[in-house]
Amino acid sequence: MAQLTSLPLSELAYGQLATVNTVQAATAVDPIAERLRDLGFVTGEPVRIVARGPLGADPLLVQIGFTRFALRRAEAARVLVDAVA
Amino acid sequence: MNMSVAMQDSVRRVALVGNPNCGKTALFNRLTGSRQKVANYAGVTVERKEGRFTAPSGRQLRLLDLPGAYSLGATSPDEAITRDICLGRFAGEARPDLLVCVADATNLRLHLRFVLEIRQLGVPMILVLNMSDAAARRGIRIDREQLQRSLGVPVVETVAVRRDGAAALVGLLDGAVPAAPTPLPEGADLHAEVRRLLEGAVSVPRRTAQIDDAIDRWTLHPLWGLVILAVVMFLMFQAVFSWAEPLMDGITGAVQLLGEQVNALLPDGPLRSLLVEGVIAGAGSVLVFLPQILILFLFILVLEESGYLPRAAFLLDRFMVGAGLTGRSFIPLLSSFACAIPGIMATRTIQEPRDRLMTILVAPLMTCSARLPVYALLIGAFIPSRSVLGLFNLQGLVLFGLYVAGIVSALLVAYVMKRLRRDHTEHALLLELPSYRLPNVRDVAIGLWERAGIFVRRVGTIILSLTVLLWLLSSFPAPPEGATGPAIDYSLAGYIGRGLEVIFAPVGFTWQICIALVPGLAAREVAVSALATVYALSATDDNAAAQLAPLISAQWSLATALSLLAWYVFAPQCLSTLAVIRRETNSWKTMALAAGYLAGLAYIAAFLTYQIARVLT
Chain A
1 MAQLTSLPLS ELAYGQLATV NTVQAATAVD PIAERLRDLG FVTGEPVRIV ARGPLGADPL
61 LVQIGFTRFA LRRAEAARVL VDAVA
Chain B
86 MNMSVAMQDS VRRVALVGNP NCGKTALFNR LTGSRQKVAN YAGVTVERKE GRFTAPSGRQ
146 LRLLDLPGAY SLGATSPDEA ITRDICLGRF AGEARPDLLV CVADATNLRL HLRFVLEIRQ
206 LGVPMILVLN MSDAAARRGI RIDREQLQRS LGVPVVETVA VRRDGAAALV GLLDGAVPAA
266 PTPLPEGADL HAEVRRLLEG AVSVPRRTAQ IDDAIDRWTL HPLWGLVILA VVMFLMFQAV
326 FSWAEPLMDG ITGAVQLLGE QVNALLPDGP LRSLLVEGVI AGAGSVLVFL PQILILFLFI
386 LVLEESGYLP RAAFLLDRFM VGAGLTGRSF IPLLSSFACA IPGIMATRTI QEPRDRLMTI
446 LVAPLMTCSA RLPVYALLIG AFIPSRSVLG LFNLQGLVLF GLYVAGIVSA LLVAYVMKRL
506 RRDHTEHALL LELPSYRLPN VRDVAIGLWE RAGIFVRRVG TIILSLTVLL WLLSSFPAPP
566 EGATGPAIDY SLAGYIGRGL EVIFAPVGFT WQICIALVPG LAAREVAVSA LATVYALSAT
626 DDNAAAQLAP LISAQWSLAT ALSLLAWYVF APQCLSTLAV IRRETNSWKT MALAAGYLAG
686 LAYIAAFLTY QIARVLT
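These protein sequences, in sequence, are chains A and B.
Using the numbering used here, the letters of the first sequence map in sequence onto residues 1 to 85.
Using the numbering used here, the letters of the second sequence map in sequence onto residues 86 to 702.
Calculated from the structure, these hints are not laboratory results.
The structure displayed is predicted, hence computed values, not measured ones.
Think of the CB as a built atom: it goes at the ideal place given N, C-alpha and C, for glycine as much as any other residue.
Okay, the calculated beta carbon distance ranges per label pair:
{"id": "1", "chain 1": "B", "residue 1": "Asp274", "chain 2": "A", "residue 2": "Thr27", "range": "17 to 27 Å"}
{"id": "2", "chain 1": "A", "residue 1": "Gly56", "chain 2": "B", "residue 2": "Ser638", "range": "46 to 56 Å"}
{"id": "3", "chain 1": "A", "residue 1": "Leu55", "chain 2": "B", "residue 2": "Ile296", "range": "22 to 32 Å"}
{"id": "4", "chain 1": "B", "residue 1": "Arg668", "chain 2": "A", "residue 2": "Gly56", "range": "35 to 45 Å"}
{"id": "5", "chain 1": "B", "residue 1": "Leu701", "chain 2": "A", "residue 2": "Val29", "range": "51 to 61 Å"}
{"id": "6", "chain 1": "A", "residue 1": "Val29", "chain 2": "B", "residue 2": "Arg174", "range": "18 to 28 Å"}
{"id": "7", "chain 1": "B", "residue 1": "Arg668", "chain 2": "A", "residue 2": "Leu55", "range": "31 to 41 Å"}
{"id": "8", "chain 1": "B", "residue 1": "Gln205", "chain 2": "A", "residue 2": "Thr27", "range": "20 to 30 Å"}
{"id": "9", "chain 1": "A", "residue 1": "Thr27", "chain 2": "B", "residue 2": "Arg291", "range": "29 to 39 Å"}
{"id": "10", "chain 1": "A", "residue 1": "Thr27", "chain 2": "B", "residue 2": "Ala261", "range": "43 to 53 Å"}
Far from chain A, some chain B residues (derived; all Cβ distances over 12 Å):
{"id": "11", "residue": "Val99"}
{"id": "12", "residue": "Val208"}
{"id": "13", "residue": "Gln233"}
{"id": "14", "residue": "Arg247"}
{"id": "15", "residue": "Gly260"}
{"id": "16", "residue": "Val387"}
{"id": "17", "residue": "Val489"}
{"id": "18", "residue": "Ile697"}
Footprint (simulated), chain A over chain B, 3 or more residues, beta carbon under 8 Å:
{"id": "19", "stretch": "154-162"}
{"id": "20", "stretch": "184-196"}
{"id": "21", "stretch": "391-401"}
{"id": "22", "stretch": "512-519"}
Based on the provided sequences and hints, a complete structural model is requested.
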């Protein structure tokens, strides 16, 4: 269950440290959500936005584990995160 | 039949699997002595590659290099190959006896999950921690023995790019096949298992390399990032012209000297004509462009090795989505600057079939290196070498403009096709940005050497034979007794050229150009050698060999030259590109669509250019 404070990764402020709460499937069969979990977007994993694309701040560059992935906002919106104070 | 099965049994079949960009191909090259392409981004290898190597004991091994995959739940055609081979479902390829799982030692959090997924298959396996030198430099400490105990599979460290970096792995491969590991219970949480393994065996002082963060602050900056990208691209095209000149002058001089020597040595006759006007003028005129091609590849190789390309894809993604492509199209499209064939193959890393098809259709619009000789010839002959604003070379600017024209038309074509189709759904990007790497001078030098070899072989084989064929067509039948004009006017090629001229007169092509267009379909550089041969044969002056540029600048109008440049921006495809499109899409219709729209655009662009230029000049 998402906590009250959870927000989509696409809304997370630049540079703010957060932990992954859950990845929500956008459709019944959602290979993108599945792939995000494979890439390490799983509960408790620390995550941070380290860069944003030049047009409409899209895509987002997300640091997860030791890796940086570029995600479009629509993909990032599937990931619910909790900001770390 | 039975014999061959028995033979196969004695050869151990080993496959390299792992996440993208962990160094599988570098390891493959190290073990087998092959020179498969390696670079610093995910998805360099898009098909299985096979190699053999003999272990110190004399044991024969058959090694398969597989495309990188994040998971066996494949989302793109290249990942599907890896999945099918690991599961033993690949047609005509038995399941490997041993899986060598390769993981990047600096990125175990991600890579170990896939290792565990492979481990669930219950097939004998070895875990290779590659780039262990980079891990050590970053202070990452890995307790190999602990990891080996917890995983229940042999673990070795390698540095694939170092000469003896795979010694430990060779030792393991030479021994008995290890016992198959016991899989975790069905539905186990692999991520939790990875964390447990890391806690027990790995200590990491810092999650990313500091230097990467520092560079990315600039290269991914919303404004400076784009400025840097533009400067890099621009420098590349300026360099192709400015740096190449002295080298080209040298080659031109040598070719000319050779032509004169042969001319002086041989008596007048068909043999001298074949050698001087066919071979030396034709093939020599293409060989001159070797320096420019090497400079272009120098830039491409350095960019590929550095890890910058995925950054460029990140910066451009939104623009490319607007045009109906995806950021993932960037690398296949950039590869197409070398040649559209590897570019089209590289689209296998694009997950969405629709995005992949779009990328394949527009890839031929990227100016491939085979077009460079055509551009360079025409620019050299018609555009003055002037400095603009005291900074840029006008010839370099025009070349840059031609490349931009290709890119802009690719975006426009993609945009139009996006409008035409009904499906407007958004697709995923999910692109990994690797650590930066300083390009290895030796690797780049080897890459350039190979490129030079490929080019010279091309000149020596296909270009030379087409040139000779063209010389034959242009020399026979011989002119009738008492004919006054050059022999070519009465030859078969002369008739073909004049026949085609009817179609191409509205775009300003002379009959000589029309002749050159035909062999240009097989390899585009041939258009240059063909022009050289045709003009050498039409010339009454014997000393015409290797002097193509001044000849055409004297005989063509500027409008004709510009029109031919515009034609080659879209240029009807070379036949091998069309064959690859057909193979990769498995559709004759797509191939016909690509060929048709490109030929149509080429004609329209050349027509407009010619008519407008004629009015203006």
